[in-house]
Each structure stands twice: as C-alpha cells, then as structure tokens.
Amino acid sequence: MSEEVSLSDYQYPTEPTWCPGCGDFAILRSVKASLTDLGLAPHESLIVSGIGCGSKLPHYMNVNGFHSVHGRPVAVATGAKMANPDMNVVVTAGDGDSYGIGGNHFLHACRRNIGITQIVEDNRVYGLTKGQYSPTSHQGFVTKTSPEGAIEPPVRPVPTALTSGATFIARTFSGSVKEMTKILAKAMDHEGYALVDVLQPCVTFNPGRSYDFYNDLVYELDDDYDPTDRKAAEEKAKEWGDRIPLGVIYEEDRPTYEEQVPALSEGPIVNRSLDPEERSGVDLEELKREFI
Amino acid sequence: MIKNDMTILIGGDAGQGIQSTGNGFIQSLTRAGLFPFGRQDYRSRIRGGHNFFEIRVSGEQIYTHTDGVDLLVALTEDSVGKHLDEIVPGGGVLYDENFDLDSGTFEGRDVQPFPVPFTSIATDEGGAKVMANTAAIGAVAGLTGFDISYINRIVEENFAVKGDSVVENNVQVAEAGKKYAESKGYEFDYDLSPLPGKPDRMVIDGNQAFALGALTGGCNFISAYPMTPSTSILEWLTKHSAELDIVIKQPESELAAINMAIGAGHVGARSLVTTSGGGFSLMVESLGLAGMTETPIVIAEVQRPGPSTGLPTRTGQGDLSSVVFASQGDSPRLVLAPATIEEAFQAGKRAFDLAEKYQLPVVVLSDQHLADSIRAVPPEEFDTSVDIDRGELLSAEDLEDLEGDYLRHEFTESGVSPRAVPGNKKAVYKTTGNEHDERGDITEDPDLRTRMMDKRMKKVDKALESEFSGPLLYGPETADITFIGWGSTYGAVREAVDRLNEGGTKASFYHFDEIWPLEAGEIKDLLESSRRTLLVENNYSGQLASLITRETGAETPDRILKYDGRPFTPEMILAEVRDLEEVE
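Respectively, the protein sequence lines represent chains A and B. 50 is the number that the working numbering gives to position 57 of the first sequence; each next residue is one higher, with no gaps. Just add 39 to the spot in the second sequence (first one is 1) and you have the working numbering.
Rather than coming from a laboratory, the hints here were simulated on the basis of the structure. Among the clues, some could well be false.
[As the list claims (entries may be wrong)] On the chain B side, residues computed to face chain A include the following (Cβ under 8 Å): (1) 257; (2) 282; (3) 294; (4) 303.
Glycine is no exception: its CB is placed at the ideal position from the N, C-alpha and C atoms.
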C-alpha cells in the first residue's frame, strides 16, 4: 500500500464515450474512489475488461488496464492474479460479457475463489451493439432481436454466484455512488473471489430500467442483516422483483485459490527467477535421470 | 542370424498394459546398449479395443519405424489376425498357447508359431493374470537370446513402488517365460545381443522432451485443458510443478487456458498453453489478442487428424495452415515445428525467448507421432544450461531512469517496444485488443492504425532476419532427388534418403524446423535447382507445399501425401518414389 493516494491520481485525460446519463459514469467514479479509499496507488491494480460500453472503463482512468476480448476478462484476470497475487486484479465488464459469452468463466471463478473482484455493469441490454436483449433482460423485453419480447427468463447473478461457491456477493446500484463505493472497496478488500453486480441504467437502449424504476424497488440491507449467515443469504438472494436488496448479500472466509498453489508459497512467480535451477534449487541434470 | 535389427509388435486390448510393457522393454534394450524406436498405436477408449506398441531395435541410432514385423507378441487372439499379414517371411508369432486360434491360421505362411502359455505362467509363477505381458517379454528374451537381467532390472525399478512381492513375482514370471521359450527349442533367426559400454541414455518421447525444453527455457506458468495428444506435456510439468515452482492451471476450457496464459504473460510470467487442433481453433480469437496487445505466450499445438474430432489418438500434419494463418486480420506469430525428439526439446527451450524478444505468440507445432514416439537419446542432446533472454524488458532500474511518460506500444525501428510489466509506478499503462496508439489508448486514426499494423508485422520480419536460419539439410548438397518436409515425417524420410543413397540414387532432404515466417529465397533456389523435389506431408492438401508456393511462386508439383492418420514409413516413401520415377 502506498502512503498517500488521492482521487486525482486516478485522473486520465481521455473523455468517456458513454451517453449522457449512462450509469457507467457513476461506476467509474466509484471504482476510482474505492481504490483511493483503500489507499491503493494506480500501479498496484490491474483492471481487466472485456468488450462493451462498460468495458471501456479502464481507458478513462489512470490505472493499469488490459482491455481484452468479449467474454474473457475473468480468464485474463485469473491468469494475471495467479502469476502475481500481489496485484489488485479487478474485472469490469457488462452483463453480456459476464453472464452470457463469459458465463462459464464466471461460474468457475466463483467456485475457484480466485482473488479477483468482478464488477458487472449490469444494464440488462446490449448497448454497444445498439439495443439487443441480454442474459439479464427481463422476459418480454422488446428489442431489435426480440420484437415479440424476450422469451427466456433472465440469468439471476446473485443466486447463481451463491450456488456456485462465491465467497463474496454484493449487489449495488449506480444511482447511489456513495454506497457503491463502499461495496466496491469491501469487495476488493475481500480475500478471494468477489462479485459485485451493479444495477446500471442504460438510458438509451433500456429506458424501462431507469433510475426511477430502480429507485422505487431498491433498498439497502440494514445492519441487522448478517451476510455470513448462509441460510439468510439464500433467502435474501431470492428476493427480486417488487423489492431489490442492495449491499453485501453473502460473505465467507475460505482459502483463496492462489494461496493453495504450491508454486506461489514463496511469493509471486513473476518476482522470482526464470531460471528453474535458481528458483527451485532443482538440478536439471539430475531431473534428466528420471528418463535413464 | 539377424543381429540387433528387428521389429517387435506387442498387440493386445486397451487395459492390458501394452504401453507400460513396451516402455519397459525399450528401457531394457536401451540399458543393453541397443537403439530402440517405439511407437504407440491406440484408440480413444479406456478399456477394450485393439492397441499395439511397436518396437524397432537396431545396433545404431534409428529415427523411424519401418514396414514389416519380425516378431508379433499377441496378448489377445485378435492381435494374431490383425497383424499376421505384416509379418515378414521367417518372422514369428509369440502367442498364448491357450488361444482358440483356427487350425489353419499359420498355414501356407512363412511364419513360425511360438505358443507359450503366458496366462498360466503368470498365474502359476506370479499369482495374477495381469502379469501375462511380463511372461511374454520373458519369452521374447528366450527367443532372441536377449540377456534377461536387463529386463529384470527394469522390472525392479519400475515396480519398486508396488512393493517387493510385486517385483519378485514379475521377475519370476519373466524368467519362467524365458525358460519356457528356451525349453521348446524354437528356432528363430534373430538375435538381440547387448552392446555394453555405452554411457547412460535417456528414454524419452517428443512431448516429454518439449516439456523439459520449456522448463529449461524458463516456463513458469502453464494453463492447459487436456486434449490428446498434447496432454502428457501438461502432466509431466504438473508432476514437477511443486518442486520446480511452476504455476499450473487446468481451467474450465481452452478459451480460459489461452486467456489465463495471456493474463500471466502480461504481468511477466513465461506462460505456456498446450493443446491440439480443436483446442487451438477455440483459442484463435485470443491468439489475435496476444498479437494485438504484444503479449508473449507460447502455444504447443500437438496435432491429430481433423477436422472436428477427427482421429483423436492418431497422427497428422493438417494444422499447418491453421496455425500460420488463423486470425481475423493479419496477426503476428512465429511457428516452430520440431521434427525429432531433440528438436522438440530445442523448440521448447527457444520458444519463450522468441515470445519475449518479439512480444508475440509463438506456436510450437508437433504431432502425435512425434509426441508419443520414444527413442534412446544421449543426455547431452538436451542442454539444460539456462540462458534466458527477455529482450527489451525494462527493469525497475531502467524505469527509474525513464523520462516522460511510458509508452507501451512505442514506435521503434525494429517494431519492438521496450516492455514494462504492470506494477511499477513509472509505467502505469493500458493495452487493448482494439487498435490503439503508442500509449495503449483506443484509436481509429487511419495513419496510426497503419503504422501500428506495420509495427506489429515488422517484428515477424525482424525475427526471420535475426533468428531463423532456414531449412536444415540432411544428405548431399546436390542430389537427384530432394525431399522437403517438416515435423515427424523426418524419421521416415531420413531413412528413405539413406537407402536411396546406399542404392546409388543421390538423395537429400531439407526439413523446416521453422515454419513461419518462411525463409523464402533459399527455398526458391532449392526448388529451381533440384532435378526432382518431393514434398512429403501427413496431410491432404500439401500445406507446406502450398505455403512454399505462396511465398516463393515456385511450383511444387510432386507431393507424397498421407492422411489416413498413420505415420509414414521409409518403405512407403520409397514406393512413391518408384511410382513417380516409373511414370517419367
């Protein structure tokens, strides 16, 4: 951790290309604020993104960014974390990226408990391709590719993460930057995999899921709610529709993947010698004897 | 008496220990100073179904199997029928005398039946039927005069973990098999005599040699999804990962595998992905991502015949075009193609330096025949002295002296931009699969786009100029017949060349251990100056031939192609040569 970090350290000159009113602006603000609050300097994090409006996020702040391909940021982030567990590795990607094309990586990241934070900019529509239904779109959603209304029920990220073994699951709303910032900081602080599903209005292509729409439904979980109580979390995870709970829904202490990898017991592999003999003390000439 | 020159084929069902028996016998032959070449033929199933292991043994180094079997060791009735036609005149069949063979099985053939009761020897002497294969190998020693102490020693070493009684039982069974065969007074015109006094040699296959090379080359991260015939690379490195501190991940898919390798490579690991053609096809989008973001990764693509699932356990060279060209848009990569077990090691050792020096993906293209074939190789062929070259990688000290902003994709003369790994205060940067500027920010500027494409592709030219040395020659510089090939066809072609030269036809052989970029000028001269040039490939369309024509304009009309999933033998190549010469 660096001594003094301020929000301005994260300023970057590139102007976002998002629509005015896009929920991504608030997410960007919260990502920067939460990193600042954690005292992390820009060089200490790597933000990996996929493809979509929200995946452009690392381009709009001063941070190490890897803007990968659609569906794969969790895999890229997992590789980076395993090679350098000292790095704060964060994924920012949309709902199509995270729950559609990248759904398999999401499921396995949950059970793997790899120490990355997956922030899903969940606007429940494909925005960058200009308005098609997404994996989290509501049934009946009329789009250019669902003129009669979307047929499938939506993916339910929170219960899915819970049954898949995630050790930190939160939902937040881009209409409340302050709460979101706290949640993001907690998620990044969590040892192990953390999912933050961010309800994010797309004012252009999903106007039905607007700030007003969510404001009527969302509520913050109060202090009485214990996210470490799995039974309670299972109940809370089901809640969706007339009322949508926001906050940390589930939290559990479980060894992370990377701390169980024998090769990482002496620190990040990237900080150690590439020479296998120097690194491990094994004599390669001796190793050859297994073939003799 | 034929001395130290024969092919033994052990046939049986999957699950009968054909592979371990074959491997053990090869170890014994190696210890005895002989030169074995072993290859497996197996199917995509766990139990049942015919498998075989073929061992050719010689008094000098050999690189290939050949047509014709001198001794068939049949562990099932099925094996007799399946291989009888392959047995050379004067050859023999060692089989369990309790097999229910048709009375006329050997009638009218110049083949000697050697019935030995493997199963009852195994049960009587060892107490278990599974040792029938050991009885059979003992009988092979009895028939060929091979010193059984070499077999017993390997049995002792290989079975030591299973306890003394297993060792003792197996040794007794081997001895009993030998004695039985001897007691029958079978006359068999082959002799396997030790050639003692040789220094220790390694018994190693192509995948293991590649893995050892990768390790020596500094590989410290592997993410791989199991896929035949690549899997044993992952398995061997995994076996040693804890003692050697290598991060190993078997992830949820090939898509995850390559992207994890990219993530690890981006932060400074030397990452490896192992797969076969199907997995490679899934990875293609991210191959481009590595090219675009200039992330070093190494992909070992161990071919099997496609398309689709194809022949999962068999051999082929049908992925050359795929690994050279697969991409949306022109995307940089280097492709190495080892031909021998020694070259597999070298490719593994070299690939990681190339990937880091040129900041791009390097594909090492191998195939099942190379992957699974084993030979005795002197240890000095595998130079484990470590000499890592990370190219223009910026150290913390370099970055301390950096003035101004760090530009990850800076335009340079060579196309290679000095690279910092994320984590340093002086080099906070982005990169992206989108077209980008020097800083790594997205751009749509036509001029920048053109310069960035030029920069990335220039690295490939630079690698060709600085690293690649063109095809390797075997045989005389000028010849009447010049073969051109790549990969595991090497052994068969090399021996065909030897036999042609022995027979008075001047023959030579060029093989490409570096496939892409292709050294064009030299090949063009070669094609234009040879009387007859023959391209030998294990694929349908002659993919190297097409690549050569594409790069040089030189025609390559004469091609020897085989795409039945089986490797070439020297005899097959010589037969093709005869056919071609007759046509003229």
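Results for each hint:
For residue 257 of chain B, the shortest C-beta to C-beta distance to chain A is roughly 4 Å, which falls under 8 Å, so the interface hint holds. Interface hint status for residue 282 of chain B: upheld, as the beta-carbon distance to the closest one in chain A is roughly 6 Å, under 8 Å. Taking 8 Å as the C-beta cut-off, the interface hint given for residue 294 of chain B holds, the closest approach to chain A being about 7 Å. The restraint placing residue 303 of chain B at the interface with chain A holds, with a minimum CB-CB distance near 4 Å, inside the 8 Å limit.
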